[in-house]
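S.K.: Sequence:
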Amino acid sequence: MVNVFRLNILIGSILKSLSDKLYGVLILSPTHEKITSMFQTDMDESLKENLEELMETKTVQESVNFESRKVGVYTFSTQYGRIIYSEAGAEALLVFLCPLEANVIEIFPYIFLCAEKVARINTGKEVSMVIPEFALSSEIAPEGEAQHMIHLEKGRFSMKVILGGDAFVGKTTLVENFVNDKLTDDYKSTIGVNIMTKHMDFPMWDISVDFSIFDMGGQTIFKPVRNSYYAGAKAGFLVFDVTRRESFENIKEWYEEATTAVPDITLILIGNKIDLINDRKISAEEGQALAEKYGIKYIETCALNKDIVDEAFRTLGFTFILRHNPVKLRKE
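Quick note: the sequence shown uses this note's numbering, first residue 654, plus one each step.
Mixed in with the good hints, there may be bad ones.
As the list claims (entries may be wrong) - Label pairs and their calculated CB-CB ranges:
id : residue 1 : residue 2 : range
1  : Glu909    : Asp859    : 29 to 39 angstroms
2  : Val846    : Lys981    : 14 to 24 angstroms
3  : Asp932    : Lys984    : 49 to 59 angstroms
4  : Pro752    : Pro979    : 21 to 31 angstroms
Claimed, not checked - The calculated lysine-lysine pairs, modelled on BS3-like cross-linking and capped at a C-alpha distance of 30 angstroms, are:
id : residue 1 : residue 2
5  : Lys887    : Lys959
6  : Lys687    : Lys778
7  : Lys813    : Lys851
8  : Lys669    : Lys851
9  : Lys669    : Lys876
10 : Lys813    : Lys687
11 : Lys946    : Lys905
12 : Lys984    : Lys674
13 : Lys981    : Lys887
14 : Lys778    : Lys876
15 : Lys984    : Lys813
16 : Lys778    : Lys887
17 : Lys934    : Lys807
18 : Lys701    : Lys674
19 : Lys984    : Lys778
20 : Lys701    : Lys687
21 : Lys807    : Lys851
22 : Lys981    : Lys674
23 : Lys984    : Lys701
24 : Lys674    : Lys851
25 : Lys934    : Lys905
26 : Lys669    : Lys687
27 : Lys887    : Lys813
Treat the hints as calculated values from the structure; they're not laboratory data.
Glycine included, each C-beta is placed from N, C-alpha and C at the ideal position.
Please build the complete structure, drawing on both the sequences and the hints.
M.R.: What follows is the structure in structure tokens.
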């Protein structure tokens with residue numbers, strides 16, 4: 654069921670995160686009826702009107718069409734700007750309206766992840782409204798006005814993931830909810846390390862990721878033991894509890910520990926326990942600022958909510974795929 658209120662919150666976050674890359678965002682039904690839309694507040698009114706009229710034209714509606722092509726992310730240019738769009742589940746199409754000079758490779762990760770968020774919202778699932786930042790860029794550009802598909806080569810990836818962060822920030826609950834689809838009532842802080850595995854598919858490109866997850870003990874006494882577990886790690890979460898400032902301040906030590914052991918590791922900062930609204934001490938803005946300082950992504954989770962936990966691991970997997978599988982353009 655379409656939830657316009659939550660979709661509008663998501664679109665607002667997208668426009669704020671991509672203020673210099675997007676004119677506006679539309680969500681359409683598969684029959685091209687507008688579900689909702691939003692434009693940058695400082696946008697020229699005449700350009701906005703032209704873009705809205707453009708989306709009503711038969712030419713554009715025939716181009717933004719999934720009946721005759723496979724699921725994917727597509728782009729084409731118009732006289733007023735570039736259109737990038739993707740199917741967002743069975744009930745919606747997500748459309749980004751961009752300047753003509755927009756770098757489509759740079760925008761691609763955002764529309765893919767946001768299309769998944771739209772699909773999850775429309776199936777009643779919880780999503781994080783925080784949009785992680787990507788530093789993806791390329792000199793590759795579409796040729797002329799022709800429609801192009803933005804795609805990744807199919808493949809299967811193996812990924813050792815470390816979970817770092819102080820004791821009791823919710824790392825173990827987070828990973829158990831992801832791996833086992835259930836929570837344990839008998840909680841014990843991880844002793845040394847807890848290792849779990851999980852398979853995840855990205856069917857849009859026939860890509861899959863096999864996670865080997867090392868949930869490391871957060872107590873100081875385990876630090877000498879932890880160093881050996883970083884070997885071979887390709888990615889990781891650094892987790893803090895948004896209700897405990899000390900756990901947030903200690904992220905500096907966890908970041909230095911991880912990057913010293915594995916300098917090229919892909920990291921994502923997680924603010925956990927966002928369900929404890931009244932006890933919250935660390936704002937989303939503070940979390941984002943710290944992530945930007947370290948040049949990594951920031952997302953927020955509630956370890957008790959499987960939907961948001963799955964989304965966190967999906968973001969990590971997708972980030973890793975982008976680093977090891979170059980994005981390509983194919984003329985349709």
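S.K.: Next, verify each hint and record whether it holds.
M.R.: Verification of the hints:
Checked against the hint of 29 to 39 angstroms, the C-beta distance between Glu909 and Asp859 comes to roughly 38 angstroms, which is consistent with it. For Val846 and Lys981, the hinted distance range of 14 to 24 angstroms is not satisfied, since their beta carbons lie about 38 angstroms from each other. In this structure the hint that Asp932 and Lys984 lie 49 to 59 angstroms apart at CB holds, the actual value being about 53 angstroms. In this structure the hint that Pro752 and Pro979 lie 21 to 31 angstroms apart at CB holds, the actual value being about 24 angstroms.
The hinted pair formed by Lys887 and Lys959 meets the criterion: a straight-line CA distance of about 23 angstroms does not exceed 30 angstroms. For a cut-off of 30 angstroms, the pair hint linking Lys687 to Lys778 stands: about 22 angstroms separates their Cα positions. Taken as a hint, the Lys813 and Lys851 pair is honoured in the structure, with Cα atoms around 11 angstroms apart against an allowance of 30 angstroms. For the hint linking Lys669 to Lys851, the alpha-carbon distance of about 33 angstroms lies beyond 30 angstroms, and the restraint is violated.
At most 30 angstroms may separate the alpha-carbon atoms for a hinted pair to count; Lys669 and Lys876 exceed this at roughly 39 angstroms. With a CA separation close to 42 angstroms, the supplied pair Lys813 and Lys687 exceeds the 30 angstroms bound. The hinted pair formed by Lys946 and Lys905 meets the criterion: a straight-line CA distance of about 10 angstroms does not exceed 30 angstroms. Pair hint Lys984 plus Lys674 holds up; C-alpha atoms about 23 angstroms apart against a cutoff of 30 angstroms.
Distance check on the hinted pair: Lys981 and Lys887 sit about 23 angstroms apart at the alpha-carbon level, within 30 angstroms; holds. Using a Cα cut-off of 30 angstroms, the hinted pair Lys778 and Lys876 is violated, with the two alpha carbons roughly 37 angstroms apart. A C-alpha spacing of about 35 angstroms is found between Lys984 and Lys813, which places the hinted pair above 30 angstroms, so the restraint is violated. Between Lys778 and Lys887 the alpha-carbon distance is near 29 angstroms, which keeps this suggested pair within the 30 angstroms criterion.
Pair hint Lys934 plus Lys807 does not hold up; C-alpha atoms about 42 angstroms apart against a cutoff of 30 angstroms. Restraint check: the Cα-Cα separation between Lys701 and Lys674 comes to about 15 angstroms, which is no more than 30 angstroms; the hinted pair holds. For a cut-off of 30 angstroms, the pair hint linking Lys984 to Lys778 is broken: about 34 angstroms separates their Cα positions. About 15 angstroms separates the Cα atoms of Lys701 and Lys687, which keeps this hinted pair within 30 angstroms; it holds.
As the CA atoms of Lys807 and Lys851 are separated by approximately 19 angstroms, the hinted pair is consistent with the 30 angstroms bound. For the hint linking Lys981 to Lys674, the alpha-carbon distance of about 20 angstroms falls within 30 angstroms, and the restraint holds. Restraint check: the Cα-Cα separation between Lys984 and Lys701 comes to about 28 angstroms, which is no more than 30 angstroms; the hinted pair holds. Straight-line distance between C-alpha atoms of Lys674 and Lys851 comes to about 35 angstroms, which puts the hinted pair past the 30 angstroms bound.
Only pairs whose Cα atoms come within 30 angstroms are accepted, and Lys934 paired with Lys905 is accepted, the gap being roughly 17 angstroms. Restraint check for Lys669 and Lys687: the C-alpha separation of about 21 angstroms stays at or below 30 angstroms, so the hint holds. Between Lys887 and Lys813 the alpha-carbon distance is near 6 angstroms, which keeps this suggested pair within the 30 angstroms criterion.
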